[in-house]
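Residue-level listing of the chains:
There are 2 protein chains.
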Amino acid sequence: MARPAPLSGFPEWLPADRVVERAVLDRLARTFELHGFVNVETRAVEPLEQLVSKGETSKEVYVLRRLQEDPDQEGQAARLGLHFDLTVPLARYVVENAGRLPFPFRRYQIQKVWRGERPQDGRFREFTQADIDVVGQGALPFHHEVELPLVMAEALTDLRSLGVPPVRVRVNNRRVMEGFSRGVGLEDVEAVLRAVDKLDKVGPDVVGELLRTQAGANPAQAAAMLELAGLTGSDETVVDRVGELAARHGATGDLLSQGLEELGALVAAAAARMPGVVHADLKIARGLDYYTGSVYETLLVGHESLGSVCSGGRYDTLATDGSTTYPGVGLSIGVSRLVSRLLGSGATVATRQVPSAVLVAVLDEGSRSVSDAVAGRLRARGVPCEVAPSAAKLGKQIRHADRRGIPFVWFPGEPDQVKDIRSGEQVDADASTWSPPQEDTWPRAVPGDVG
Amino acid sequence: MARPAPLSGFPEWLPADRVVERAVLDRLARTFELHGFVNVETRAVEPLEQLVSKGETSKEVYVLRRLQEDPDQEGQAARLGLHFDLTVPLARYVVENAGRLPFPFRRYQIQKVWRGERPQDGRFREFTQADIDVVGQGALPFHHEVELPLVMAEALTDLRSLGVPPVRVRVNNRRVMEGFSRGVGLEDVEAVLRAVDKLDKVGPDVVGELLRTQAGANPAQAAAMLELAGLTGSDETVVDRVGELAARHGATGDLLSQGLEELGALVAAAAARMPGVVHADLKIARGLDYYTGSVYETLLVGHESLGSVCSGGRYDTLATDGSTTYPGVGLSIGVSRLVSRLLGSGATVATRQVPSAVLVAVLDEGSRSVSDAVAGRLRARGVPCEVAPSAAKLGKQIRHADRRGIPFVWFPGEPDQVKDIRSGEQVDADASTWSPPQEDTWPRAVPGDVG
Chain A
5 MARPAPLSGF
15 PEWLPADRVV
25 ERAVLDRLAR
35 TFELHGFVNV
45 ETRAVEPLEQ
55 LVSKGETSKE
65 VYVLRRLQED
75 PDQEGQAARL
85 GLHFDLTVPL
95 ARYVVENAGR
105 LPFPFRRYQI
115 QKVWRGERPQ
125 DGRFREFTQA
135 DIDVVGQGAL
145 PFHHEVELPL
155 VMAEALTDLR
165 SLGVPPVRVR
175 VNNRRVMEGF
185 SRGVGLEDVE
195 AVLRAVDKLD
205 KVGPDVVGEL
215 LRTQAGANPA
225 QAAAMLELAG
235 LTGSDETVVD
245 RVGELAARHG
255 ATGDLLSQGL
265 EELGALVAAA
275 AARMPGVVHA
285 DLKIARGLDY
295 YTGSVYETLL
305 VGHESLGSVC
315 SGGRYDTLAT
325 DGSTTYPGVG
335 LSIGVSRLVS
345 RLLGSGATVA
355 TRQVPSAVLV
365 AVLDEGSRSV
375 SDAVAGRLRA
385 RGVPCEVAPS
395 AAKLGKQIRH
405 ADRRGIPFVW
415 FPGEPDQVKD
425 IRSGEQVDAD
435 ASTWSPPQED
445 TWPRAVPGDV
455 G
Chain B
5 MARPAPLSGF
15 PEWLPADRVV
25 ERAVLDRLAR
35 TFELHGFVNV
45 ETRAVEPLEQ
55 LVSKGETSKE
65 VYVLRRLQED
75 PDQEGQAARL
85 GLHFDLTVPL
95 ARYVVENAGR
105 LPFPFRRYQI
115 QKVWRGERPQ
125 DGRFREFTQA
135 DIDVVGQGAL
145 PFHHEVELPL
155 VMAEALTDLR
165 SLGVPPVRVR
175 VNNRRVMEGF
185 SRGVGLEDVE
195 AVLRAVDKLD
205 KVGPDVVGEL
215 LRTQAGANPA
225 QAAAMLELAG
235 LTGSDETVVD
245 RVGELAARHG
255 ATGDLLSQGL
265 EELGALVAAA
275 AARMPGVVHA
285 DLKIARGLDY
295 YTGSVYETLL
305 VGHESLGSVC
315 SGGRYDTLAT
325 DGSTTYPGVG
335 LSIGVSRLVS
345 RLLGSGATVA
355 TRQVPSAVLV
365 AVLDEGSRSV
375 SDAVAGRLRA
385 RGVPCEVAPS
395 AAKLGKQIRH
405 ADRRGIPFVW
415 FPGEPDQVKD
425 IRSGEQVDAD
435 ASTWSPPQED
445 TWPRAVPGDV
455 G
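Quick note, the sequences are listed as chains A and B, same order. The opening residue of the first sequence carries number 5 in the numbering used here; numbering runs sequentially from there. The opening residue of the second sequence carries number 5 in the numbering used here; numbering runs sequentially from there.
Chain A with its partners taken away, still in its complex shape (with noise of 0.2 Å):
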């Protein structure tokens, strides 16, 4: 083949960087387990009828055909598509095995997921999420909204040692807004929300006018909205001055009490637990999901331009099956775009490429299995490494390491020695007690040389 070139949207790493990758979904993982979470992991493909029924995401699906198929068996099968995101699956694998599911089910699932963009948006068209969600069976305490975005801001606050900035979690609650913006009598709520999720992109001049045009406010209305929407803090004060302007418009009702409450509740219980890192934050409001409680964003610190890395909520229907309903909460990490991020900035680096810590020489073909036989006792040992492809003159070996990034070189002789091509330093040992230094031993992402 002639060289081919990337496929725009379906990003791929070489070896240093997936390095990197697997560093953070590995540690991911050990913090979703720390907290219970069960993995899981659902087939690629969903009925398309599932797919297309959930929002406007459904214009961007991959639909799967047979390249043999027969076309008078196509109506016949259920048509499926690649799925889009890991909650429809999950909403559906709920369903399908509920009565052999621990409920609550506090499961996480990293995995791809494929959105069928146009080639020239220059959008992941693949990407890795990694998602955390408590699904309950009939019913779901409240407690587990704020347990959810603690989970998550305490795996990425571990993400740090890699060389990850800091995170800030911005939360806010449906019922604030809905109750507000019935309260201040605009009752098209969704095209409330639709408005007001654009503050960040577009100002509040622009958002006022989409509050008047697409959501039927007067002057006075949208001036309300956006004042609400203006008011962002990391303690409970904040809930009080939602509570003041809320009934400074006369906007009253038990949606925005319990909304307050809850909101409260959580400003609280993060603030004793992560001190500054969760913030209330009256603009967010994830338009287009079905959220009906609590909502929420996350900014890398000195990354907001990236937007946010790990957004959920709370839905009283996740799913259902006509006679059990499941709610859920629940939140996602788009984790291509944070690893690009990282990869890109600099922010994170490995150690190497290859899993390999020592290059075992080889003094000519006829003694390879000597060789090879250090290489067992080493590996017997935890100690990754490799047998030099060719006994080529050792300087060619030495360099041959080099290359690849392999921090030792083992000479087989009487007695063995081993050498650390960084120093230089040569010394004899034995491979059935020798080690490298821990931090060698395997590849490792680290900070890199910035900020």
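It is worth saying that the hints were derived from the structure and are not from the lab. Predicted model only: the values in this text are computed from it and were never measured. Ideal Cβ placement from N, Cα and C applies to all residues, glycine included. It is possible that some hints are incorrect.
Stated by the list, open to error - Only some residues are given here: those of chain A computed to face chain B with a beta carbon under 10 Å: (1) PRO8; (2) VAL44; (3) VAL65; (4) ARG104; (5) PHE107; (6) GLU121; (7) GLY126; (8) ARG127; (9) ASP325; (10) LEU367; (11) GLU369; (12) SER371; (13) GLU390; (14) PHE415.
Got chain A; can you put chain B on it based on the hints?
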């Protein structure tokens, strides 16, 4: 939604079964990395023209179409299909990134692949493969053909502690097959290989008939091929027997000599390093694949009916960019098939379905933060735990832990206490120092109560 039915050919695991699958994958990855194989993931899609140029499997490709695709644009963008193996993507990745990869490129790759089988065929349409390959730039020494099946044998043997049966690797060499075939006057080597490949399934009578009708063999030629295909052995004497058989039929030539030398070297090295695991088996043909040297298949002892769980071989031309040729040798484990058999036969089971080793009880909702703090202290020392979802009666909380398979329940108090709900033993404990026994800390995959 109504309760959905599973989608034929798209296996999904319940949480406990996923524990088993992950244990298999984690251990495979560890062995591959101890041998210096670099992890890579490639995108799920390749240009359709790349996929369909690769032989019979092209019949089973899933083609992608954007739901909102403009029919006028359809012809402009390259059509994409889901990869049906990890070899075609590797070849493309190597050529695309040749200047940035360390050669010989030792890579492993664990990903889903898709085959557009007819739904009614009952075959997997989505499954996980675990591949290792070594790819050279221009040349690749023969010793890698010895190394790679031994890495796989080691990786699969390492799974025995999970309950995986012992494996038998069956090896052959295309040069022997082709040299012998031509030596006895059969020039349509491909037809010969295709016929011999069916020996295990249909027996010698049918294969003899196929050799006569499809490969143009006379009865003596067919008998000679069947005699060859009947030879097997785990030491170099099998090579001598092939040599004698060839001499008896007047089959000679450099190709046959080189093949016999390679097969002998492979069997001898394998017998020295992993006695009894690798057997030369002259009927192994891998009929449909483009191998040029060693070929490999792997059976689970006692589960021979499952067919090969790990196959591969040597390609002299894995890829080429016109000026440089990339030879490779590799093997691929059909992980889904293996795991499906482990689960179905009860050979491997999970010790529990959830990660949590401890359920921290909640005495009343007002003191949930006390339980959260206990959980935080346990997690900080690497103990996975979850907090009870409601402040129910303690007996109910214990039953909740029991249903999830969580072995310990923690009761905040003065002092705190922890109960092993299997033995009923309850002791004073401090969340800053207590740990569960190591075998209880994380869910594990262990041999089941069979065989």
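Against the structure, the hints:
A least Cβ separation of about 5 Å between PRO8 of chain A and chain B falls short of the 10 Å threshold, and the interface hint therefore holds. The closest approach between the C-beta of VAL44 of chain A and any C-beta of chain B is roughly 6 Å, which is under the 10 Å cut-off, so the hint is satisfied. About 4 Å separates the beta-carbon of VAL65 of chain A from the nearest beta-carbon of chain B, less than 10 Å, and the hint is met. Interface restraint check: ARG104 of chain A against chain B, minimum CB-CB distance 6 Å, threshold 10 Å, status holds.
At about 9 Å, the closest approach between the beta carbon of PHE107 of chain A and any beta carbon in chain B falls short of 10 Å, and the interface hint on this residue holds. At its closest, the beta carbon of GLU121 of chain A sits 8 Å from a beta carbon of chain B; the interface hint therefore holds under the 10 Å criterion. This hint is violated: GLY126 of chain A has a C-beta 14 Å from the nearest C-beta of chain B, more than the 10 Å allowed. Checking ARG127 of chain A against chain B: minimum C-beta separation of about 13 Å lies over 10 Å; hint violated.
Hint on ASP325 of chain A holds. Least Cβ distance to chain B is approximately 5 Å, under the 10 Å limit. Taking 10 Å as the C-beta cut-off, the interface hint given for LEU367 of chain A is violated, the closest approach to chain B being about 14 Å. Hint status for GLU369 of chain A: holds, given a least beta-carbon distance of 8 Å to chain B, under 10 Å. Annotation: interface hint on SER371 of chain A violated; nearest CB of chain B at approximately 12 Å, more than 10 Å.
With a least beta-carbon distance of about 3 Å to chain B, the hint placing GLU390 of chain A at the interface is held under the 10 Å criterion. Because the beta carbon of PHE415 of chain A sits about 17 Å from the nearest beta carbon in chain B, more than 10 Å, this interface hint is broken.
Hint violations for this structure: numbers 7, 8, 10, 12, 14, all remaining hints satisfied.
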